[in-house]
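**Student:** Chains as they are written, first to last, in my numbering: chain A, 1 to 353; chain B, 1 to 356.
No incorrect hints appear here.
Result set (DSBU-like, lysine-lysine): computed pairs, CA atoms no more than 35 Å apart in a straight line: (1) A:Lys300 - A:Lys88; (2) B:Lys241 - B:Lys72; (3) A:Lys219 - A:Lys300; (4) B:Lys252 - A:Lys88; (5) B:Lys72 - B:Lys252; (6) A:Lys88 - B:Lys127; (7) A:Lys221 - B:Lys337; (8) A:Lys88 - A:Lys219; (9) A:Lys219 - B:Lys337; (10) A:Lys221 - A:Lys172; (11) B:Lys252 - B:Lys241; (12) A:Lys88 - B:Lys337; (13) A:Lys88 - B:Lys157; (14) B:Lys46 - A:Lys88; (15) B:Lys242 - B:Lys127; (16) B:Lys337 - A:Lys300; (17) B:Lys157 - B:Lys212; (18) B:Lys157 - B:Lys252; (19) B:Lys252 - B:Lys337; (20) B:Lys288 - B:Lys157; (21) B:Lys242 - B:Lys252; (22) B:Lys127 - B:Lys252; (23) B:Lys72 - A:Lys88; (24) B:Lys288 - B:Lys241; (25) B:Lys72 - B:Lys127; (26) B:Lys46 - B:Lys287; (27) B:Lys287 - B:Lys241.
Derived from the structure by calculation, the hints contain no laboratory data.
Computed from a predicted model, the values in this text were never measured in an experiment.
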Amino acid sequence: MATIVQAIRLALHVGETRLGVTDIFGEDVGAPLGGVFTQSQGLRTAWNTPLDERGIVGTAIGLALAGQRPIAEIQFCDYAFNSIDLMKLAGGICWSSAGDYNCPMVLMTPVGSGIRGSLYHSHSFDGQATRLPGWKIVMPSNPLDAYGLLLSAIVDPNPVMYLAPKALLRAKAGPGERLPGEPDDERALARMIDAPLGDRSRWRPDWPDVHDLFVPIGKAKTCRAGRHVSVVTYGRMVPLAMLAAERLAQEGIDTEILDLRSLHPVDFEAIFASVRKTNRVLFLNEDTEVTNFGEHLLRKTVDQLFYELHAPPRLLAGAHVPGVGLADSLERASVPQLEHVVAAVRELAGHQA
Amino acid sequence: MITIPPRETSGLDGDETRLSPELLVRMHEIMVRARCLEERLIRMNKQGDGYFWIGGPGEEAFNGPLGMLVHKGQGPQFDYLHLHYRSSATLLAMGADPVDTLRQMKSTASDPYSAGRNFCNHYSVRKWNVVPVSSPIEVQFAMAPGTAIANKRVGGKGITIVQGGDAGTAEGDFATCLIWSSRPGAELPCLIVVTNNHWGISTPASEQHGEKHIADRARAFGIRTVILDGNDPEISYRELKKAMDYVRNERKPFLVEAMVSRLYGHSSASGANLVTDESDCLPAFEKKLEDRKILTRSAMDELRARTTQELLEASKRIRDEPQPEGDQIWRHVFAEKDAVAVGEGHPFAGGRNGAS
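I would like the entire structure built from these sequences, with the hints used as guidance.
**Tutor:** Structure (structure tokens):
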């Protein structure tokens, strides 16, 4: 079973061999490293750039405007903040030119905490990303979506931001989540496409014949159906919510879990359908809580479904502090943990109107 | 006031450097039309026919020749232009209709560059590879390497031209362009243009910049440079031609620093009034044309009066063109189709360093 990072690499391979991708680039993206998380190992069009995020985003825009198909990477989203006005520019190219130009580029960046990344390898980017009109924003939580969302991002004629939850990059696919065309034996896949340690100068990947799979941008997925409480989440918090649901099931609380997969456009239809069913909802993410994307989802839900809510809707998010501290106790206090999710859902389930 | 190092321009005043009378007449016409356009835009703004003016009066002697030398077309075989908001003469030299700039000034739905969304002189012309001009200073220098990679990849003679002012070179994006266009083995066909009017809104360059010449910064990267008198269209044309020939043939970057004037201040925000202490390229050039008996005083006066009148009438005409409907804001947030895609069989071939 492929990991998320292998799924990304396979999608990049499909992109450059079948979907017209011309450039996969960023800091340490090309040989010999192939990305700090190994996501771009062995790719023909991968190349290294100067240590210059603004140059990376700007060059991606230029390539896109010249009819190329760039996939640019910011090594960690923590380092993308100096490039936000270039992202704003990319998102505004079609609009400002009244449709004269479009800007088909993909910007990938790993996000979130969970790898003991301290202050500058733990940021989330959903808050910033979703304040950039003109961008589509996707965020997978499993290898199959990682693969299918990236293929959809590549063929989209607009700028698409691909937020990769870094704590899940090595997570393996669950049952029924095998990539189309992936070899049966997971060790075989690793032998085929993972670069060896040490000298890689003569190594070439042996790509499996993976097939196209386009996960539509803007469509959420119900990971677990339930009757009592809806948890609307994405990225790293999805497996955490699933664990919480298992624990809550032992208490007789039946939790529904919705993985948004796309933050823009966002699948309000799916959110509202779930909340109409359970009448209780928790919005869950690990970004800092002030002006949090979940607040927008919560407000829209209240606007639409106020009289159908049986409990005050809740947002569980990260603490509004400048960074995620390195000590285990600090990280656990900064971003939602299993016990926090369990407690929040339990409270929603028990609320008496 | 502007000192030009003699080594940069020596020899350019000799007879052998003179351009043909036909070329000079065309150059003059472009300069006059650009000046009349900017004057009309300023009038429109002052009369309430447009919210904001920014433009390039004082840069015509450089920007006109620049536009004349562009290899115009769509796609990486042709030149890409990353311009800024003082580039009207470049667009007119390429064949743009000045009335369209009046439309953008008046924010009409018929404005072909932004459908009433953007300030005047914020061009976007995909069929000529003019990428959308945006107000933030210097971001075009971060985008230029991308189109230049495409130019290089496709082969041929197409280059990327990126232009900005002197104050903007303080932004990191200027360094981005120098670094990305001179990567060893991956040099880019990029003509880097700094039009130096020695101002940043109200702040003189002399208070903020310790470097003797902006061009000196490029030399650290092995990028060839020239500093020229951008108020002289003959010098501008010849030096630009040489620089562009180098970029076209060698597929390497070149930096042109052109010393220019800013005749009406930064923008309407600072009043847009004619300044008297900066040299004006147009009368200086007209005197030359008169002395050399290429054009008569009366012919030049007549051209200016006629162009002024035509643009005045056009500005009245477009007052009746409709403004965009409010619900148009939802159009073009996302593209439905891929307008920038190049056709089947295009030589897509990404290299390991992005420029092979």
